[in-house]
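Asks: Here is what each chain is made of, one letter per residue.
Number of protein chains: 2
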Amino acid sequence: MAVVAAGLVSNGDVSAVKAPATGRYAAFYSEVQNSRLGHPLPLPSVLKSSFKVVDGPPSSAAGSPDEIAKLFPCLFGQPSATLVPGDSTENLLGLKIGVVLSGGQAPGGHNVISGIFDYLQDRCKGSTLYGFRGGPAGIMKCKYVVLTPEYIYPYRNQGGFDMIRSGRDKIETPEQFKQAEETAVKLDLDGLLVIGGDDSNTNACLLAENFRSKNLKTKVIGCPKTIDGDLKCKEVPASFGFDTACKIYSEMIGNVMIDARSTGKYYHFVRLMGRAASHITLECALQTHPNITLIGEEVAAKKQTLKNVTDYIADVICKRAELGFNYGVILIPEGLIDFIPEVQQLIAELNEILAHDIVDEAGVWKKKLTPQSLHLFDFLPPAIQDQLMLERDPHGNVQVAKIETEKMLIQMVETELEVRKQGGAYKGQLGGQSHFLGYEGRCGLPSNFDATYCYALGYAAGALLHSGKTGLISSVGNLAAPVAEWTVGGTALTSLMDVERRHGKFKPVIKKAMVELDGAPFKKYASMREEWALENRYLSPGPIQFVGPVADKVNHTLLLELGAQV
Amino acid sequence: MAVVAAGLVSNGDVSAVKAPATGRYAAFYSEVQNSRLGHPLPLPSVLKSSFKVVDGPPSSAAGSPDEIAKLFPCLFGQPSATLVPGDSTENLLGLKIGVVLSGGQAPGGHNVISGIFDYLQDRCKGSTLYGFRGGPAGIMKCKYVVLTPEYIYPYRNQGGFDMIRSGRDKIETPEQFKQAEETAVKLDLDGLLVIGGDDSNTNACLLAENFRSKNLKTKVIGCPKTIDGDLKCKEVPASFGFDTACKIYSEMIGNVMIDARSTGKYYHFVRLMGRAASHITLECALQTHPNITLIGEEVAAKKQTLKNVTDYIADVICKRAELGFNYGVILIPEGLIDFIPEVQQLIAELNEILAHDIVDEAGVWKKKLTPQSLHLFDFLPPAIQDQLMLERDPHGNVQVAKIETEKMLIQMVETELEVRKQGGAYKGQLGGQSHFLGYEGRCGLPSNFDATYCYALGYAAGALLHSGKTGLISSVGNLAAPVAEWTVGGTALTSLMDVERRHGKFKPVIKKAMVELDGAPFKKYASMREEWALENRYLSPGPIQFVGPVADKVNHTLLLELGAQV
Numbered sequence: 000m001a002v003v004a005a006g007l008v009s010n011g012d013v014s015a016v017k018a019p020a021t022g023r024y025a026a027f028y029s030e031v032q033n034s035r036l037g038h039p040l041p042l043p044s045v046l047k048s049s050f051k052v053v054d055g056p057p058s059s060a061a062g063s064p065d066e067i068a069k070l071f072p073c074l075f076g077q078p079s080a081t082l083v084p085g086d087s088t089e090n091l092l093g094l095k096i097g098v099v100l101s102g103g104q105a106p107g108g109h110n111v112i113s114g115i116f117d118y119l120q121d122r123c124k125g126s127t128l129y130g131f132r133g134g135p136a137g138i139m140k141c142k143y144v145v146l147t148p149e150y151i152y153p154y155r156n157q158g159g160f161d162m163i164r165s166g167r168d169k170i171e172t173p174e175q176f177k178q179a180e181e182t183a184v185k186l187d188l189d190g191l192l193v194i195g196g197d198d199s200n201t202n203a204c205l206l207a208e209n210f211r212s213k214n215l216k217t218k219v220i221g222c223p224k225t226i227d228g229d230l231k232c233k234e235v236p237a238s239f240g241f242d243t244a245c246k247i248y249s250e251m252i253g254n255v256m257i258d259a260r261s262t263g264k265y266y267h268f269v270r271l272m273g274r275a276a277s278h279i280t281l282e283c284a285l286q287t288h289p290n291i292t293l294i295g296e297e298v299a300a301k302k303q304t305l306k307n308v309t310d311y312i313a314d315v316i317c318k319r320a321e322l323g324f325n326y327g328v329i330l331i332p333e334g335l336i337d338f339i340p341e342v343q344q345l346i347a348e349l350n351e352i353l354a355h356d357i358v359d360e361a362g363v364w365k366k367k368l369t370p371q372s373l374h375l376f377d378f379l380p381p382a383i384q385d386q387l388m389l390e391r392d393p394h395g396n397v398q399v400a401k402i403e404t405e406k407m408l409i410q411m412v413e414t415e416l417e418v419r420k421q422g423g424a425y426k427g428q429l430g431g432q433s434h435f436l437g438y439e440g441r442c443g444l445p446s447n448f449d450a451t452y453c454y455a456l457g458y459a460a461g462a463l464l465h466s467g468k469t470g471l472i473s474s475v476g477n478l479a480a481p482v483a484e485w486t487v488g489g490t491a492l493t494s495l496m497d498v499e500r501r502h503g504k505f506k507p508v509i510k511k512a513m514v515e516l517d518g519a520p521f522k523k524y525a526s527m528r529e530e531w532a533l534e535n536r537y538l539s540p541g542p543i544q545f546v547g548p549v550a551d552k553v554n555h556t557l558l559l560e561l562g563a564q565v
Numbered sequence: 000m001a002v003v004a005a006g007l008v009s010n011g012d013v014s015a016v017k018a019p020a021t022g023r024y025a026a027f028y029s030e031v032q033n034s035r036l037g038h039p040l041p042l043p044s045v046l047k048s049s050f051k052v053v054d055g056p057p058s059s060a061a062g063s064p065d066e067i068a069k070l071f072p073c074l075f076g077q078p079s080a081t082l083v084p085g086d087s088t089e090n091l092l093g094l095k096i097g098v099v100l101s102g103g104q105a106p107g108g109h110n111v112i113s114g115i116f117d118y119l120q121d122r123c124k125g126s127t128l129y130g131f132r133g134g135p136a137g138i139m140k141c142k143y144v145v146l147t148p149e150y151i152y153p154y155r156n157q158g159g160f161d162m163i164r165s166g167r168d169k170i171e172t173p174e175q176f177k178q179a180e181e182t183a184v185k186l187d188l189d190g191l192l193v194i195g196g197d198d199s200n201t202n203a204c205l206l207a208e209n210f211r212s213k214n215l216k217t218k219v220i221g222c223p224k225t226i227d228g229d230l231k232c233k234e235v236p237a238s239f240g241f242d243t244a245c246k247i248y249s250e251m252i253g254n255v256m257i258d259a260r261s262t263g264k265y266y267h268f269v270r271l272m273g274r275a276a277s278h279i280t281l282e283c284a285l286q287t288h289p290n291i292t293l294i295g296e297e298v299a300a301k302k303q304t305l306k307n308v309t310d311y312i313a314d315v316i317c318k319r320a321e322l323g324f325n326y327g328v329i330l331i332p333e334g335l336i337d338f339i340p341e342v343q344q345l346i347a348e349l350n351e352i353l354a355h356d357i358v359d360e361a362g363v364w365k366k367k368l369t370p371q372s373l374h375l376f377d378f379l380p381p382a383i384q385d386q387l388m389l390e391r392d393p394h395g396n397v398q399v400a401k402i403e404t405e406k407m408l409i410q411m412v413e414t415e416l417e418v419r420k421q422g423g424a425y426k427g428q429l430g431g432q433s434h435f436l437g438y439e440g441r442c443g444l445p446s447n448f449d450a451t452y453c454y455a456l457g458y459a460a461g462a463l464l465h466s467g468k469t470g471l472i473s474s475v476g477n478l479a480a481p482v483a484e485w486t487v488g489g490t491a492l493t494s495l496m497d498v499e500r501r502h503g504k505f506k507p508v509i510k511k512a513m514v515e516l517d518g519a520p521f522k523k524y525a526s527m528r529e530e531w532a533l534e535n536r537y538l539s540p541g542p543i544q545f546v547g548p549v550a551d552k553v554n555h556t557l558l559l560e561l562g563a564q565v
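Read top to bottom, the protein sequences are chains F and Z. Take the first sequence: its letters are residues 0 to 565, numbered as in numbering that gives the first Met the number 0. Take the second sequence: its letters are residues 0 to 565, numbered as in numbering that gives the first Met the number 0.
Hints may be right or wrong, so weigh each one.
As the list claims (entries may be wrong) - Computed list of lysine-lysine pairs in DSS-like fashion (alpha-carbon distance at most 27 Å, straight line):
#1 F/Lys140 / Z/Lys401
#2 Z/Lys140 / F/Lys264
#3 Z/Lys401 / F/Lys420
#4 Z/Lys420 / F/Lys401
#5 Z/Lys406 / F/Lys426
#6 Z/Lys233 / Z/Lys213
#7 Z/Lys140 / F/Lys169
#8 F/Lys302 / F/Lys523
#9 Z/Lys69 / Z/Lys302
#10 F/Lys401 / F/Lys169
#11 F/Lys318 / F/Lys306
#12 F/Lys406 / Z/Lys140
#13 Z/Lys510 / Z/Lys301
#14 Z/Lys95 / Z/Lys213
#15 Z/Lys401 / F/Lys264
#16 F/Lys264 / Z/Lys420
#17 F/Lys213 / F/Lys264
#18 F/Lys401 / Z/Lys169
#19 F/Lys140 / Z/Lys264
#20 F/Lys401 / Z/Lys302
#21 Z/Lys406 / F/Lys401
#22 F/Lys406 / Z/Lys406
#23 Z/Lys264 / F/Lys264
#24 Z/Lys510 / F/Lys426
#25 F/Lys169 / Z/Lys69
It is worth saying that the hints were derived from the structure and are not from the lab.
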C-alpha cells in the first residue's frame with residue numbers, strides 16, 4: 000500500500016491556508032477506499048483521441064430572452080459546443096486553470112477535479128491547476144492550493160469535497176467581482192471551472208460575462224452538481240451525485256422495509272433530503288417500492304392541504320390493516336411543507352406577526368391570524384407549533400428545513416387514526432418510527448456511474464477551456480448508452496436561464512428542474528403506487544457494489560427520462 | 000430469472016396463518032438481492048464429509064453451579080459436543096424438526112434456517128422442517144409452515160426474518176410449557192431449533208429441560224443471534240448479525256465523517272443501537288476512527304456523571320477548535336444513560352413519585368427528589384425533562400430507549416460551551432447534528448461472513464439434533480481461520496448460565512457479554528483515541544461488498560478477541 004499524502008504540498012502563495020494538514024493518506028484508508036483508488040475510469044470515445052470543438056447554432060434563453068440578453072450582453076446568444084473527432088488547432092502553451100467547489104457536497108466532485116487535471120496533463124502539458132479553497136470565498140481571498148498528481152491521487156474515486164472544500168459564499172456584488180478579477184489577474188488564469196448547482200452555475204455565467212466585459216482572458220465553465228437532481232435539461236441530462244445519494248438512501252430504505260415486514264408492527268416515516276424538488280424521493284420510490292410516497296410537486300399541483308395528506312396516509316394504513324398488514328414504509332421529501340399552499344400562507348403570517356407583535360402566553364396574538372391559518376395552526380401538533388414559533392433564521396423567517404416533517408406527520412396520522420378508531424373504522428395501533436436520511440448520502444464513495452460521469456465532465460471542462468470557451472456548462476450526454484458512446488460538449492449557460500423579479504430588479508436564474516407530473520419517472524411511479532400501497536412489492540437494492548455484474552446499473556430516473564425501459 | 004414464489008405453500012395445518020401472502024418472489028428482487036441468491040456458501044471441512052459427535056468432559060456453570068443444578072436437574076453437567084471426522088451411527092429415519100426465530104432481527108437468520116434445512120436434505124432424507132410463525136407464540140399456538148426447497152429458496156442469503164417472522168413472546172409459565180408440549184406431541188417433533196439472544200437461549204434450555212423431564216423425545220438446540228454482540232463466550236465466539244449491522248452503521252458513519260470534514264462546521268452526534276452493551280459502538284469506532292466514542296461500560300466503571308461526559312465532549316471540541324477543526328463525529332451507545340449511576344437513581348425516584356404523587360405545574364413535587372437527583376434534573380435540558388416525565392411504559396417506568404440521548408448531549412454540550420465561551424475558552428459555534436442508526440442495520444443483506452457463519456450454525460444445529468443432543472447451543476469456532484478450518488460443535492447451555500434473584504426466586508440467566516475494559520478491542524480503541532480525537536484519522540469503510548478481494552473481511556472485534564492483528 001503506497002503511502003501517499005495529500006494536504007502537505009506547499010501552497011504557491013503565502014496567503015494560502017494555514018490550518019493544520021487535514022489531507023488524506025491512502026495508507027489510512029479502508030480496504031474499499033483503497034480498492035477504489037485503482038478503479039479504472041473509461042472515457043467517452045471522443046475524448047480518447049483527437050477532437051475538435053464544433054459550434055452549434057446561436058442560442059436563446061429558457062425564458063425572457065430579451066431580459067437575459069440585457070443581463071448578458073457579451074454572452075447571450077452564443078452557441079453551445081460539441082466535441083467531434085478531428086484535429087484541433089491546439090494551443091501548445093500550458094494553461095493556468097482554477098477549480099472551485101460550490102455549495103453542498105455531492106459524490107463525485109473529486110473526480111471532476113481529477114478529470115480536468117488529467118486533461119491538462121494529457122493534452123496541455125505545462126499547465127497548472129489551482130484548487131480554490133473553501134468555495135467561491137477562496138477565489139475572492141485568493142486562497143488556493145496548487146494541485147499535483149500526489150495531491151490528487153488519494154482523492155480519486157473518493158467521496159466528499161474535502162480535497163479543497165466547498166463553501167456557500169457568492170460572488171455577486173461589484174466588490175466581490177473585483178476581488179475575483181484580482182485573483183484572476185494575479186494568478187494569470189486562463190480559465191476557471193465552477194462545480195455547483197443552479198445558483199452556482201448562474202453565478203459562474205455572471206462571472207464569465209464580467210471577465211469578458213473587462214476583456215480579461217479568464218474563461219469560466221460550469222459543471223452540474225447536486226444530489227437533489229434539480230439541475231438538468233435536455234443537454235445536461237443529470238447533475239452528478241444524485242445517482243450515488245439515491246442508491247445510499249435506497250439501501251437504507253430497503254433495509255428498513257425488510258425490517259418492517261419482519262417485525263410486522265411499525266410504520267417507518269422516512270424523510271429524504273432534497274428541499275426544492277422531490278426527485279430524490281421519487282427515485283428512491285422507484286428503487287424500493289414503498290407503500291406511500293409523497294411527491295411535493297403533486298401535492299402542490301393538486302393544491303392539497305395538510306389534512307388531505309394526512310387523510311391519504313391514514314386511508315392507506317386502514318386499508319392495509321384490513322389486509323392484515325400493520326406495517327409499512329412512507330417516503331417524504333424534505334421540502335414537503337413548502338409545497339402546501341396553506342402552510343406557506345400560515346408561515347408568512349407567522350413571520351409577520353413575530354416580527355411586529357408580542358406573542359402572549361394566553362394566545363391573544365392568534366387573533367391576528369386569518370381564520371384558515373388559525374384553523375391550520377390549531378390542527379398542528381404542539382411540538383410543531385413550538386417549532387414554528389421558536390426557530391427563526393437571522394432574517395426572522397421560520398426555518399422550514401428544521402421542521403421534522405416526518406414526526407409531524409406521525410403525530411397527525413396518529414390523531415386521525417384515533418378518530419377513525421373511535422368510529423370503528425380502524426382497529427390497529429400506529430407504531431410510527433421516524434428517520435431522516437440526509438448527510439449520510441452526500442459524501443459516500445461515488446457509484447461507478449457517478450465516478451465515470453464526473454471524470455468525463457471534468458475532462459470535458461478541460462477541453463472546453465482549452466478551446467477558449469466561456470459561459471458554458473460541461474455537458475455529457477447519451478448516458479443510457481455505453482460510456483464509449485457518450486456525447487461531450489458544453490451548453491450555453493444563458494440558454495438555460497430565465498429571469499425572476501427580486502427587489503424590483505430582474506435576476507437571471509437557471510430554473511430548478513422540478514418533478515414533471517407528465518414525465519416518465521412520475522408516470523411510472525403513479526402507475527404502480529396502488530399496487531405498492533397494498534401488495535408489499537418491497538425491493539431491497541442492497542449496498543452499492545463496485546465490481547461484478549450489478550455495479551454499473553444507473554438510476555431509474557435517468558433511464559426513464561432517456562426513454563429506456565426499467 | 001426464475002420466478003420462485005414463497006409464502007404460497009399450503010400449510011400442513013389448518014390452524015396455520017390466514018394472512019394474505021406476504022412471501023417473496025425472486026422475480027421482484029433487486030439485482031443485488033438476486034445476485035445473492037446464487038452466492039455459494041462454503042462449509043467447514045468437518046461438515047463436508049462423514050463426522051461423528053464426540054462428548055467433552057462434564058460441564059459446570061458460569062456461576063452458582065449449585066443453583067443451576069437445581070434448576071436443570073436433567074441437563075446440568077452434560078458435556079459440550081464437538082464434531083470430528085468419522086463414521087456416525089446415523090439414524091436412517093427422517094426427522095421432524097421445528098425452527099423458530101425469537102426476538103429482534105439480525106442479518107443471517109434466513110441462512111441459519113437454510114443451513115438446517117440443507118442438513119436435513121443432505122444427511123437425513125425424508126425429514127420435515129416446520130417453521131413456527133411469529134416467534135415462540137407460533138410454537139404455543141401451533142402456527143407453522145412446512146418448509147420446502149421452493150419456500151426457502153428466495154430467502155437464501157437475504158436479510159430479515161420475514162420467512163417465518165419473529166416474536167418476543169416467552170415460553171415460561173406452566174401453561175405455556177404445556178402448550179409447547181402439545182405442539183411437540185402433535186407434530187411428533189424430534190427436535191426444535193431456537194434462534195435467539197441470551198434470553199431466548201435461556202428459555203430454549205428451560206424448554207429442553209422440561210421436555211426431558213416429561214420424557215418427550217423432542218430435543219432443543221439454541222443458536223446465538225443478536226446484532227448487539229452481547230451473547231458470546233469462549234465456545235461461542237460471536238452472535239450472528241453483529242458483523243453485518245456494524246458494517247452498515249460504519250458505512251453511514253464513514254460517509255458522515257467525510258461530510259463533516261468537507262463541510263467543516265458540524266459535529267455529528269450518532270447514537271447507535273445496542274442498549275445493554277456497547278459492542279456495536281466500539282466496533283464502529285474501530286472501523287471508522289471517530290473523534291469521540293462513549294463506551295457505556297467505561298462510563299459505568301469510572302462512575303462518571305452526565306456532567307463528566309458533557310465535559311469530556313466539550314474538552315475535545317475546545318481542543319479541536321484550537322487546532323482549527325470545528326467539526327467532528329461522536330459515537331454514542333443507545334444504552335449510555337443506563338450506565339450512568341446518577342441517572343438510574345433519578346429515574347428510580349421519578350418512577351416512584353409519578354406512581355404515587357401528583358405532579359403539580361409549580362414544581363412542588365420536585366421536593367420529593369433527593370438533592371443529587373434534583374440537581375441532575377435541573378441540569379437536564381427541558382425537552383429531556385419532559386420525556387422523563389411523560390413517556391412511561393405500561394408498568395409506569397420511564398422508557399429509557401425513547402430518550403434521544405444524542406439530542407440531549409447536543410443541548411448539554413451547547414450549554415457547557417456557552418459557559419466556556421463567556422470565559423473566553425472557546426470561540427466556536429457548535430453545529431450539532433443528530434443521528435440514530437438502528438433499524439437500518441437489523442435487516443440488511445448479510446455480509447459474506449454472516450451468511451457463511453449462519454449457514455454453518457444452522458447446519459451444525461441439524462447435526463446436533465440428528466445425533467440426539469439437547470440443551471446445547473450451536474457453536475462454530477476458529478473463525479479467524481479459513482472457513483474450511485472452522486470448528487463445529489455444541490456448548491452446554493447450562494455451562495453459560497448463572498442465576499439472578501428476581502421476586503425472591505433464583506432465575507437462570509446467560510449473562511450478557513459486556514465490553515471488557517481489559518479486552519483487546521477496548522484496549523485497541525483506548526490506545527488510539529487521543530490520536531483519533533485530534534488528528535482526524537477518519538476511515539470510510541464504504542458499502543459492504545459481496546464480491547472481490549474486500550468482501551470477506553471480518554469485523555475488528557472478533558479478530559481482536561481471537562488474537563489476530565487488525
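Asks: Confirm or reject each hint.
Replies: Status of each hint after checking the structure:
no.	hint	result
1	F/Lys140 / Z/Lys401	47 Å, violated
2	Z/Lys140 / F/Lys264	20 Å, holds
3	Z/Lys401 / F/Lys420	25 Å, holds
4	Z/Lys420 / F/Lys401	25 Å, holds
5	Z/Lys406 / F/Lys426	34 Å, violated
6	Z/Lys233 / Z/Lys213	32 Å, violated
7	Z/Lys140 / F/Lys169	67 Å, violated
8	F/Lys302 / F/Lys523	22 Å, holds
9	Z/Lys69 / Z/Lys302	36 Å, violated
10	F/Lys401 / F/Lys169	23 Å, holds
11	F/Lys318 / F/Lys306	18 Å, holds
12	F/Lys406 / Z/Lys140	37 Å, violated
13	Z/Lys510 / Z/Lys301	21 Å, holds
14	Z/Lys95 / Z/Lys213	19 Å, holds
15	Z/Lys401 / F/Lys264	17 Å, holds
16	F/Lys264 / Z/Lys420	46 Å, violated
17	F/Lys213 / F/Lys264	66 Å, violated
18	F/Lys401 / Z/Lys169	42 Å, violated
19	F/Lys140 / Z/Lys264	19 Å, holds
20	F/Lys401 / Z/Lys302	36 Å, violated
21	Z/Lys406 / F/Lys401	14 Å, holds
22	F/Lys406 / Z/Lys406	15 Å, holds
23	Z/Lys264 / F/Lys264	38 Å, violated
24	Z/Lys510 / F/Lys426	39 Å, violated
25	F/Lys169 / Z/Lys69	77 Å, violated
Hint violations for this structure: numbers 1, 5, 6, 7, 9, 12, 16, 17, 18, 20, 23, 24, 25, all remaining hints satisfied.
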